[in-house]
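Chemist: Chains as they are written, first to last, in our numbering: chain F, 298 to 474; chain U, 27 to 309.
Please note that the accuracy of each hint is not assured.
Unchecked claim - In silico lysine-lysine, DSS-like type, Cα no more than 30 Å apart, as pairs:
| # | chain 1 | residue 1 | chain 2 | residue 2 |
| --- | --- | --- | --- | --- |
| 1 | F | 433 | U | 287 |
| 2 | F | 433 | U | 208 |
| 3 | U | 111 | U | 208 |
| 4 | U | 235 | U | 119 |
| 5 | F | 436 | U | 304 |
| 6 | U | 111 | F | 354 |
| 7 | F | 436 | U | 223 |
| 8 | U | 306 | U | 176 |
| 9 | F | 354 | F | 433 |
| 10 | F | 436 | U | 119 |
| 11 | U | 119 | U | 304 |
| 12 | F | 433 | U | 265 |
As the list claims (entries may be wrong) - Below, a sample of chain U positions facing chain F; criterion: calculated Cβ distance under 7 Å:
| # | residue |
| --- | --- |
| 13 | 70 |
| 14 | 72 |
| 15 | 128 |
Unchecked claim - What follows is a set of in silico ranges between Cβ atoms, one per label pair, in the way DEER data are often shown:
| # | chain 1 | residue 1 | chain 2 | residue 2 | range |
| --- | --- | --- | --- | --- | --- |
| 16 | F | 387 | U | 289 | 44 to 50 Å |
| 17 | F | 433 | U | 171 | 36 to 42 Å |
| 18 | U | 209 | F | 327 | 25 to 31 Å |
| 19 | F | 454 | U | 102 | 28 to 34 Å |
| 20 | U | 289 | F | 301 | 36 to 42 Å |
| 21 | U | 123 | F | 327 | 42 to 48 Å |
| 22 | U | 307 | F | 431 | 40 to 46 Å |
| 23 | F | 454 | U | 42 | 57 to 63 Å |
Because the hints were derived from the structure by calculation, they are not lab data. The beta carbon of each residue, even a glycine, is placed where N, CA and C say it ideally should be.
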Amino acid sequence: MKSLRKFSLVLALYIALAISGSLSLFFHRFFLIGNATNLLVPVSMMLIALFDDTNHKEIWLAFGTGIVSDIYFLGIIGVYTISLPIICWLLQKTARFLPEVFWARILAVLTASILIEGYTWLIMNITGLTIISSMKLVKSILPTLCWAFIFASVTYKLWWNLAVNYPFMVNIDNYQQ
Amino acid sequence: MKKFLQNKKLLSACIAVILAFTIIGGSVGLRNRRDTPLIIQSFGNDVVAVGSRIIDFPLSFVSGSLNNVHDLLNTQDENNYLKSKVTDLEQTKARNSSLEDENKQLKSALKVKNTLTDYNIIQASVISRSPDSWTDLLVINKGTTSGLRKNMAVMSGGGIIGRLIEVNAATAKVELITTSDKSANRFAVEAQAVNGKKVHGIITVIGNKTLAFTQAVDSEKLKRGAKIYTSGLGGNSPKGLLVGTISTTTHDTFGLSDLIKINPAGELNDPSVVSVIKRKVND
C-alpha cells in the first residue's frame, strides 16, 4: 500500500478532473459571465510544478493529465496534452528563481493561465473546432483569471501538501530516514 | 541548412512542433471520420465519467437547492402562465391521441411501416460539461450499450439542443446546436410560410451563438413567431422536432439576403436531463 503513495497525485488530479467537469456543468451560469474558462486542472498542475520543481517526472504527470483531459472534455488530443507539459516545464524552471511565497506563486499561476488560455484559443481556431474572435479572447481573460485565482487560493494548501509529502513517482521514505 | 541540422535543440523543437500539429490534425480528422472513438479513448472517457458521477451527487444537491430558490421566486408568474395553458392541454392531448390512432390505421392500410416522423426516445443525464465556454460540449451517461449512435439528435426542455458527436460504451458527447465548430453536422429544418407552404433550410450559427435559418429559398415569406422543425431530410434526425421560433427577420450586412434569427426552444444553458432521439427509419 505504501508503494501506491507515489501515485497519490494521479488520484488527486483524477478527482480534480471530475470536479472540473461537474463545476462547469452545475455552475455554468457563473462561468458564462465574461465567457470564463474553468482552469481547475491546469491550475492544479501548475501548483504541483511550482511546489515540486526538482521532480522532472512531473512532466509525464502533466502529459498524462493532458491526454485524459483532452479526450474527456474535447474529444481531440493536443490542447492540454501539449500545453500542460510545456507549462509544467516552464514553471519548474521559473520556480528556482521565484520566492517561495503565496503571492509570487499565484502570480506565476495567473501568467501561465493567460498562456494556456491563449494557446487553447489558437488551437481551437486553427482546427476549426470553434471560431472565436480575438476580442472575445481578450474579454474572457479577466474573468478566467478571477476563477484561476479562486481555484489556486482554495487548493493551494492541498497541492502543497500532496506535492511535498507525496511527490509523483518518488519514494519519499528514502529521503525521510 | 547545415547549421540548422547541427543545432540539436532547434531541430528537436521543430520536430516537436511538427509532431504536435500532426497529432492535433490526426485526432480532429479521426473525430470527424469515425463513428466510434478508439477503444483506449472510449475506455478513458468511461473511467473519468465514473468519477464525474460520484462528484455530481453532492454538487447536484447544492445546485438543485440554489435552483429551487430561483424557481420559488418565479412561482407566481409560472403559475399564471400554466393556468392559461391547462385548458388547451387537455383538448390538445385528446386530439393528438385520436390523430395518432388515425395515423396508425392509415399507415397499416397503406402498408407503410416507419416514416420520418417515427422515433424512439432514450433518456440520459448530463454528467459533465467542457471547462471552456467556447466548445459547447456536454457528456451524458448513456452510450452504445443503450443504443446510442453518432449524429443522433438530442433534446432538452422541449427543443433540440444538439447532436451526439462521440459515443463511447457508457458515455457520449453532445455538441450543442450553438457551436461554431466548422465541421459540425447542421440540422435540416423546415417552417411554414405565411402562404401555407413549407420553407426548407438549415440551421447555422452566426455571431455570438445566435441561431439562424439559412439556405432557404422563400425566406421572405417567413414571419416572426413561426416555429422551426427538423425536416428529417438530413439523414440523421426524424421529422418534426422543434428547434425554435423565428425572433427577427432582417437583411444581412450587404442587404442582399434575408437573415432569419431563431430563438432556440431547447434548454441550452442548464440541461441536466436530455432525450436522445433515435430515428426509426434507416439512413
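Chemist: It remains to establish, for every hint, whether it holds in the given structure.
Modeler: Here is what the structure says about each hint:
| no. | hint | result |
| --- | --- | --- |
| 1 | F:433 to U:287 | 21 Å, holds |
| 2 | F:433 to U:208 | 18 Å, holds |
| 3 | U:111 to U:208 | 40 Å, violated |
| 4 | U:235 to U:119 | 34 Å, violated |
| 5 | F:436 to U:304 | 40 Å, violated |
| 6 | U:111 to F:354 | 63 Å, violated |
| 7 | F:436 to U:223 | 44 Å, violated |
| 8 | U:306 to U:176 | 15 Å, holds |
| 9 | F:354 to F:433 | 36 Å, violated |
| 10 | F:436 to U:119 | 48 Å, violated |
| 11 | U:119 to U:304 | 23 Å, holds |
| 12 | F:433 to U:265 | 36 Å, violated |
| 13 | 70 | 5 Å, holds |
| 14 | 72 | 10 Å, violated |
| 15 | 128 | 42 Å, violated |
| 16 | F:387 to U:289: 44 to 50 Å | 45 Å, holds |
| 17 | F:433 to U:171: 36 to 42 Å | 38 Å, holds |
| 18 | U:209 to F:327: 25 to 31 Å | 30 Å, holds |
| 19 | F:454 to U:102: 28 to 34 Å | 45 Å, violated |
| 20 | U:289 to F:301: 36 to 42 Å | 53 Å, violated |
| 21 | U:123 to F:327: 42 to 48 Å | 43 Å, holds |
| 22 | U:307 to F:431: 40 to 46 Å | 44 Å, holds |
| 23 | F:454 to U:42: 57 to 63 Å | 35 Å, violated |
In the structure shown, a violation is registered for the earlier hints numbered 3, 4, 5, 6, 7, 9, 10, 12, 14, 15, 19, 20, 23, in ascending order.
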